[in-house]
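> Just so you know, the working numbering puts 1 at position 1 of the sequence shown, and the rest follows in order with no gaps.
Note that these hints are calculated values from the structure, not bench results. Errors might be hidden in some of the hints.
Straight-line C-alpha distance at most 25 Å; calculated DSS-like pairs for lysine-lysine [said to hold, decoys possible]:
{"no.": "1", "residue 1": "LYS60", "residue 2": "LYS73"}
{"no.": "2", "residue 1": "LYS31", "residue 2": "LYS60"}
{"no.": "3", "residue 1": "LYS25", "residue 2": "LYS65"}
{"no.": "4", "residue 1": "LYS25", "residue 2": "LYS64"}
{"no.": "5", "residue 1": "LYS73", "residue 2": "LYS25"}
{"no.": "6", "residue 1": "LYS25", "residue 2": "LYS60"}
{"no.": "7", "residue 1": "LYS73", "residue 2": "LYS31"}
Pair by pair, the computed Cβ-Cβ distance ranges are [stated by the list, open to error]:
{"no.": "8", "residue 1": "TYR16", "residue 2": "GLU79", "range": "29 to 35 Å"}
{"no.": "9", "residue 1": "SER41", "residue 2": "HIS2", "range": "25 to 31 Å"}
{"no.": "10", "residue 1": "GLN18", "residue 2": "ASN76", "range": "18 to 24 Å"}
{"no.": "11", "residue 1": "ALA75", "residue 2": "LYS31", "range": "27 to 33 Å"}
{"no.": "12", "residue 1": "ASP14", "residue 2": "SER41", "range": "18 to 24 Å"}
{"no.": "13", "residue 1": "TYR10", "residue 2": "ILE35", "range": "16 to 22 Å"}
{"no.": "14", "residue 1": "LEU21", "residue 2": "ASN56", "range": "28 to 34 Å"}
{"no.": "15", "residue 1": "ASP14", "residue 2": "MET52", "range": "29 to 35 Å"}
{"no.": "16", "residue 1": "ASN76", "residue 2": "TYR16", "range": "27 to 33 Å"}
{"no.": "17", "residue 1": "CYS78", "residue 2": "ASN15", "range": "31 to 37 Å"}
{"no.": "18", "residue 1": "ASN15", "residue 2": "PRO37", "range": "17 to 23 Å"}
{"no.": "19", "residue 1": "ILE35", "residue 2": "MET63", "range": "16 to 22 Å"}
{"no.": "20", "residue 1": "THR36", "residue 2": "TYR16", "range": "16 to 22 Å"}
{"no.": "21", "residue 1": "VAL69", "residue 2": "GLU28", "range": "26 to 32 Å"}
The beta-carbon is built from N, C-alpha and C at its ideal position, and this holds for glycine as well.
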Amino acid sequence: MHITVEISYYPLTDNYDQPVLEFLKLIENQKEISITPGTMSTLISGDYDPVMDLLNSSMKELMKKYPSVFTLKIANACEVKSKS
């Protein structure tokens, strides 16, 4: 099953840009998963299990290091269309 996740990450630290960059580094270059960073959120799409595994591992790693808030919207009916 194909899913799309809209995720926003809010590290509760003074230097919040560093954890955000770490998050983007953790999720980049994934085979068969589309990552579209945006100003306020990032879209991640692909098959359910690889996407959820990626989210689980990356969020857990950051939450061990920083007080964090993540907001997610997960849908199986909102496929991301690639830009031409």
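> Now look at each hint and say whether the structure bears it out.
A quick look at each hint next to the structure:
1. LYS60 / LYS73: Between LYS60 and LYS73 the Cα gap is close to 18 Å, so the pair holds against 25 Å.
2. LYS31 / LYS60: Holds, because 20 Å separates the two Cα atoms, which is no more than 25 Å.
3. LYS25 / LYS65: Holds, because 15 Å separates the two Cα atoms, which is no more than 25 Å.
4. LYS25 / LYS64: Given pair LYS25, LYS64 holds - Cα atoms ~16 Å apart, limit 25 Å.
5. LYS73 / LYS25: This hinted pair holds, its Cα atoms lying about 21 Å apart.
6. LYS25 / LYS60: 14 Å, holds
7. LYS73 / LYS31: 22 Å, holds
8. TYR16 / GLU79: 29 to 35 Å: 31 Å, holds
9. SER41 / HIS2: 25 to 31 Å: Because 19 Å falls outside the window, the suggested range is violated.
10. GLN18 / ASN76: 18 to 24 Å: 33 Å, violated
11. ALA75 / LYS31: 27 to 33 Å: The hinted range 27 to 33 Å is violated for ALA75 and LYS31, with Cβ atoms some 22 Å apart.
12. ASP14 / SER41: 18 to 24 Å: 22 Å, holds
13. TYR10 / ILE35: 16 to 22 Å: 19 Å, holds
14. LEU21 / ASN56: 28 to 34 Å: Between LEU21 and ASN56, where Cβ atoms are some 20 Å apart, the hint is violated.
15. ASP14 / MET52: 29 to 35 Å: 31 Å, holds
16. ASN76 / TYR16: 27 to 33 Å: 31 Å, holds
17. CYS78 / ASN15: 31 to 37 Å: Because 33 Å falls inside the window, the suggested range holds.
18. ASN15 / PRO37: 17 to 23 Å: 19 Å, holds
19. ILE35 / MET63: 16 to 22 Å: About 20 Å separates the Cβ atoms of ILE35 and MET63, which means 16 to 22 Å holds.
20. THR36 / TYR16: 16 to 22 Å: At 21 Å between Cβs, range holds.
21. VAL69 / GLU28: 26 to 32 Å: 21 Å, violated
Comparing the model with each numbered hint stated earlier shows that hints 9, 10, 11, 14, 21 do not hold.
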